[in-house]
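Chemist: The listed protein sequences derive, respectively, from chains V and R. So the first sequence is numbered by the working numbering: it starts at 1 and just counts up by one. So the second sequence is numbered by the working numbering: it starts at 1 and just counts up by one.
Just so you know, these hints were derived from the structure itself, not from any lab. Errors might be hidden in some of the hints.
[Said to hold, decoys possible] Here are some chain V residues the structure puts well away from chain R; computed CB gaps all over 10 Å:
(1) GLU31
(2) ARG389
(3) GLY509
[Claimed, not checked] Residues from chain V that face chain R, not an exhaustive set, calculated with beta carbons under 8 Å:
(4) ARG33
(5) TYR221
(6) TYR594
Just so it is clear, CB atoms sit at the ideal spot from N, CA and C, and this is done for glycine as well.
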Amino acid sequence: MRKRLISLGCAAMIILSLCASARAGWAQQMETRSNRYTQPDAPYEQVVSALDTEGFELVATSGMAQLWLNREMHTIRLIDTRSGYVWGAIPLQDARNLNTSWKSYAAAIVALECFDSKFNEKRYGLTGNAAVTYSLQPDGFSFEAHFEALGIRLAGYYILRDNVLTCGLAPDSFREEGQYLVKSLAFSPYLGCVFGDETPGWFLLPDGPGALMRFRAGGTYISGYDQRVYGKDLAIETLETAQSLGVNRPADYLVAEKQANVPVYGIVHGVGQHGLLVEIEDGETYASIAATPAGLGNTRYNSIMARFEYRQKYSKATTRSGAGSLVPQDDYNRMTPKLSYHLLTGPAADYDQMAVYYRGLLLDEGRLLPGKEQAGLKLEFLGTDIQKRTLLKTWLAFTHLSDIPPMVEALEKAGIGPLQVVLRQFSHHNKAGEGLSKALGREQELRALQTSLTDQGHLLLVYLDPVRANRDQIRLRVNAANTIAKSPIVIHRLNPDLVYPETYFFRPGTVADNVAGHQARFAGFPAAVDQLGSRFYADHTTGHIVNRAQAQQAFLSLLSGLSNDGGPALYNPALPAWSLATAYYDMPLTNSQYLFEDDTVPFLPIVLKGSLSMYAPPLNIGVSSRERLLRLVEYGVCPSFMITQSQSDALTNTPLEDWYSTNFSDWEQRIAGAWQTVGPALSKLSQSHITAHEVLETGRVRVAYDNGLTILINYTSSPWVCRQTTVGELDFAVIREGQ
Amino acid sequence: MMRLTRRLMLPIIAFVFLGLTFSAMALESTAYTYTVSDDRRMIRTQDAYLPGSVLLREAGLMNPEDLHAVGEWLFIADTGNHRIVRYHLKTGDTLMIGSEVLKAPTGVYSSPGGDIYVADYAAALIQVFSPDGRHIKSIGQPETAAYGSKAFKPQKLAADSFGNLYVTTETNYEGVLQYDPQGRYAGFFGANRAGGLSLIEWIQETFFTQAQKEKLFSRNPPRIVNLEVSGEDLVYTVTQLNERQALKKLNMAGVNILHAPDFMGERNFVDVALLPGNLMVAVTETGAIVEYDAQGRYLFGFGGRAVSSDRNGLTSVVSAIGADDEGNLYLLDKQRGLVLPYLQTDFARRAHQGLSLYQEGEYAQAAEIWREYLRTSPRAAFVHRGYGLALWQMKAYDEARSHLARVREMNYLSDTFWEQRNAWLQKNLACILIALVLASALGALLRKQHRKTGVLKPLSNGWKALKARIPLLSNLLPVRRMMRHPIDTAYAIRHEGSGSPAAAGLLYLMALLVWALDMAFSATLFNNGLFSAPGANPIIAITALMVPGALFIVGNYYISSINDGKGKLRHVFITLAYALAPYILLTPFITLLTHALTLNEAFINRFLRMFSVGYTGALVFVALQEIHSFTFWQTIKNILLTLAFVILAILAIMILYMMWHELISFVLTLVEEVSLRA
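Could you put together the complete structure from these sequences and hints?
Modeler: Below is the structure:
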């Protein structure tokens with residue numbers, strides 16, 4: 001009888017599910033073909049390089065590659081001797097669609113963008129602009145360049161070892177002696193470029209989890225991919241703000257673009273044939289990764305480069321109202337640019353193997369530590385916040401400490417665990433560095449909660465954002481970091497209904513105070529740290545100037561101190577913070593969805609899987625969908641939810657009201673359902689590395705792990721038979737290869 | 001059994017999650033989705049549509065002006081390339097139509113019969129093509145006198161199932177041009193109305209000479225800029241610069257049947273498309289998309305533009321929107337020459353299902369959907385409305401009432417209360433009648449006994465003793481007299497020293513109290529929400545009443561004293577307090593009464609309130625006249641001057657407040673600066 005009932009229930013659900021999916025038509029095709037998914041690769045013919053070494057001299061040879069130099073055009077060729085493929089920038093003779101100045105810039109081993117005395121920008125390659133002297137080295141060459149007309153001197157090197165070509169500037173060799181100010185510097189800016197779609201392939205961009213920009217003949221674009229590594233420096237750049245739509249709804253409608261958290265990009269000419277993984281080894285704090293699709297402006301080339309930003313323009317206020325003119329920074333950013341090109345060939349020339357290769361580099365160098373991963377479910381509890389009334393603001397409590405154990409217990413009964421429980425908005429007045437808010441409970445209760453959760457195999461973390469503040473949490477003249485224009489760094493949300501439309505940023509000194517305060521008050525509690533590992537900004541407060549690199553170093557040092565308490569888990573951290581983290585929160589599941597991006601690929605998840613526990617952004621916001629759960633399984637990312645004990649309505653007119661549905665009783669079944677779906681699979685994959693990720697057909701993905709397990713994910717609305725396994729529609733299967 | 005339940009629960013729990021969202025296509029959008037909350041603010045909610053990858057990226061569309069989606073086909077007026085592009089959504093096949101005959105096609109429509117109608121702006125013609133792209137005929141400028149001599153500049157067009165053609169033109173404000181199935185001009189259809197005069201227009205109208213007026217632009221109704229025809233042959237029009245008329249749903253007689261009282265249109269809509277169930281999706285030129293239900297109530301707002309980056313779903317300049325049979329949307333980005341698909345998520349699909357089930361009379365199923373939505377979108381107005389209406393239809397009035405009240409669906413709320421009241425009366429009427437009979441019998445008995453034995457004598461003695469002990473009570477008694485003999489009472493106050501400031505103060509407090517109680521506790525149907533709306537602050541509201549009141553008293557005294565008024569401040573203060581008597585005495589009853597009334601009896605509430613305020617106003621007028629010994633017109637002048645004083649005084653207070661605020665801010669800044677440098 002029992003079995004019959006269970007079968008009946010399951011059958012009914014399957015029938016209902018089928019009915020629900022019968023609707024799927026071309027819309028689902030369009031969805032799986034969108035750039036939120038990885039696309040299958042068309043079978044490519046063998047790609048032959050359009051470049052050769054005629055007119056070049058061989059300057060270095062390793063077991064895997066050769067480096068050639070042309071001293072007239074000041075450009076290089078790099079030959080992967082394993083495949084014979086010739087990498088380079090543009091052809092010497094018939095570089096189409098480029099004028100002389102662009103040719104000089106595109107081909108040069110080092111190229112500059114400069115501001116003239118009127119702050120106009122212009123590009124300069126070496127040919128026709130600089131006197132260059134070369135010195136051959138055993139494994140490459142060094143050079144000295146003197147841009148006489150610009151009054152700029154620099155010296156650098158190109159060194160080839162095994163499959164890695166490293167280039168950079170010699171320390172302290174950069175000099176500005178004239179009126180021209182250097183804006184940016186790039187090494188071989190067009191290396192790996194492709195004219196239109198003449199060579200099949202793509203650029204791998206560090207956008208979200210990873211993105212591919214496939215080569216197209218052209219398109220209509222107004223901008224390319226141009227992102228600062230580790231995000232924008234808010235002291236000189238503002239985040240993208242939406243324009244008013246002239247409608248009734250507020251103008252804070254844009255979902256933010258994803259930050260580039262790793263200083264790498266990739267180039268592939270012919271998938272599975274020829275690839276370059278490019279890593280910015282030094283100066284990455286001031287670097288940008290810029291990819292230009294064919295069709296942007298007048299260019300017909302797809303190109304990508306690492307651009308080292310020596311100066312940026314900013315709006316210098318000339319009136320009291322803040323109006324001003326755009327001028328470049330007076331002083332240039334101090335750095336020693338260094339870049340390495342890793343030649344990959346054969347199967348290694350694909351995004352998944354690039355990630356595997358990069359993971360190996362990071363593990364070897366200790367920038368990523370193995371074995372910190374544990375699959376689980378993250379619950380973030382919102383404690384208290386302010387509610388806006390006409391003139392008054394009152395504090396409301398949404399989740400008391402005593403509310404948490406029953407919720408955890410309810411989830412345990414549904415077989416969910418282990419849990420990462422994060423307490424958010426639990427400090428006094430929600431200020432970083434303050435103690436526990438008395439409205440939520442006593443410190444003894446917090447200790448007891450930690451003990452009881454730990455005993456049950458869970459982990460309790462206390463949220464800390466020592467960097468950001470709202471208007472009531474900061475004294476602008478005392479604590480706020482300032483922009484280069486000497487005004488407080490602020491992010492405005494164009495929504496007058498918000499309790500706090502402005503977000504300010506503390507000075508690095510205050511950030512340190514906040515962290516110290518937190519450590520003193522929550523000693524023994526691992527921290528879930530927001531911003532500190534991802535938001536690096538300079539502070540131009542008069543008399544206390546801290547540049548971006550110094551701020552980054554200071555923040556990493558603070559994170560290092562927080563690791564004493566067993567943490568920290570970091571929200572969307574940048575690469576330098578990875579080795580200090582125990583978990584990666586808010587792992588992006590899609591790229592920024594630029595028009596020129598064709599695929600979202602799991603570059604970051606492949607790199608991190610097996611080393612850090614990864615958690616998705618809370619599933620109760622956005623759209624909770626089957627696809628999102630499948631994406632978690634595909635990427636090896638654990639689910640998380642934002643929870644309150646109080647009804648969701650209670651968050652109305654508070655700074656938390658964008659969390660529009662958080663009530664635990666509303667979400668209890670969904671949390672259980674999500675974990676029932678993904679938990680068993682993720683648990684099996686814990687501590688394992690992804691070895692391969694491939695899309696066999698549109699919406700059908702295979703992910704292989706080094707523990708012998710393979711996940712087959714089917715995003716389509718029809719069943720999929722793969723390796724003698726039938727994967728249902730919108731479902732996945734875990735199989736052991738060979739079985 | 002427990003184990004069985006648990007084993008059953010797991011798949012059920014899983015299904016609750018999966019089934020809800022089974023066929024959704026959802027990872028993340030590039031722009032947030034907004035909806036209207038139950039407190040009428042714009043709030044974020046789950047993604048209703050997600051951007052797909054752009055279509056026709058390499059087709060080289062140049063300034064395309066129109067898009068029409070039919071079944072699996074998209075028709076695009078590729079204006080700059082002088083052609084129509086037909087695109088198949090499944091296969092991606094394209095067919096170029098009309099390159100030989102078209103000059104600047106700005107509108108395209110594929111009729112139910114398959115013919116393709118094209119509005120050619122530059123050629124001043126409507127061109128008709130067969131489904132395979134063959135040119136069939138041309139329709140030119142109407143040649144009847146009714147059309148007049150205006151230039152014919154066709155822009156957009158649509159056809160109904162009878163073959164009638166509707167065309168918007170650049171030059172006509174009289175409405176849409178209608179052609180019969182044979183292509184003969186049949187007249188104008190569905191003209192907009194001109195709005196009321198603005199202040200400047202009124203001044204121009206009043207004072208300008210005829211010659212000056214002729215130099216002004218004519219004040220015509222706003223022009224219809226786009227249109228769509230539904231399967232039921234209703235014509236939907238788009239009008240700019242007027243939010244109320246932004247979208248109209250015209251029946252065959254050209255009458256607008258879209259009557260959403262809280263319709264939130266946009267001034268810059270450029271096109272509208274229809275989803276199954278006659279849901280309307282309109283788009284602005286800035287790429288903001290708004291979806292409304294069939295009655296014009298706001299469901300979702302999403303999309304937008306990004307002027308400095310290229311991202312899916314974000315546009316530059318939008319010229320048209322279309323919707324396919326699956327409920328997916330297609331935006332035409334005119335500047336970039338791209339088609340941007342928006343794919344419906346399960347969140348939107350379920351909402352559409354809820355609306356559709358309600359329309360079909362499947363109220364229980366609709367309620368089930370909306371109940372689930374309450375968990376994920378607990379503040380969305382459309383959810384409370386949907387749930388409340390479904391419950392109302394299911395006669396679950398008790399539960400329906402709170403949801404209908406949250407979204408202020410007053411008519412349904414009133415009906416709900418009517419049903420509840422009816423049921424209550426049916427249940428309790430006998431008891432009420434018996435209680436009334438018993439009470440009146442008891443009263444009669446007491447009166448009789450009192451006459452015989454003076455049983456109530458101790459009460460009246462007690463009252464007298466109390467009055468003697470507390471003079472304030474005696475001083476309150478003129479209230480009764482004031483209501484019947486205001487002139488005598490005012491005379492007594494001025495000349496005989498009747499009344500006291502303490503009693504008057506008490507009366508002001510009582511007036512304030514009954515007003516506050518009325519604002520707080522009158523029934524939702526009759527409550528203006530001054531206290532109850534989210535974000536409202538009763539203290540501010542009360543202050544906002546007290547300050548002008550106090551200013552009126554003081555101001556009236558000073559104004560009258562310089563106009564030879566005889567009353568002193570004490571007199572004004574006391575007299576006005578007594579004049580509030582009708583308001584103080586009647587308002588509590590009205591407040592209570594609102595809880596027994598539905599909108600059917602709203603006139604009772606209205607009448608009583610008008611009576612109360614009118615009576616009070618009359619007493620104030622008479623009292624002031626008597627106190628100051630003014631004539632009728634002097635009193636009018638006195639009151640007007642007092643009101644002017646109140647306004648000026650409030651302005652002065654505001655200016656002082658701002659200056660004080662600036663001063664405090666300056667001092668704080670100074671202190672901060674000094675402490676920083678110390």
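Chemist: Compare the structure with each hint and give your call.
Modeler: These are the hints, each one checked on the structure:
The claim that V/GLU31 is not at the interface with chain R is violated, since a C-beta of that chain comes within 10 Å of its own (minimum 4 Å). Non-interface status of V/ARG389 relative to chain R is broken: a Cβ of that chain comes within 10 Å, the nearest being about 5 Å off. Listed as outside the interface, V/GLY509 is consistent with that label: its C-beta sits roughly 13 Å from the nearest C-beta of chain R, beyond the 10 Å cut-off. Look at V/ARG33: its Cβ gets to within about 6 Å of chain R, closer than 8 Å, so that hint holds up.
Of the supplied interface hints, the one on V/TYR221 holds, with its beta-carbon coming within about 5 Å of a beta-carbon of chain R, less than 8 Å. Restraint check, V/TYR594 versus chain R: the minimum CB separation of about 5 Å is within 8 Å; hint holds.
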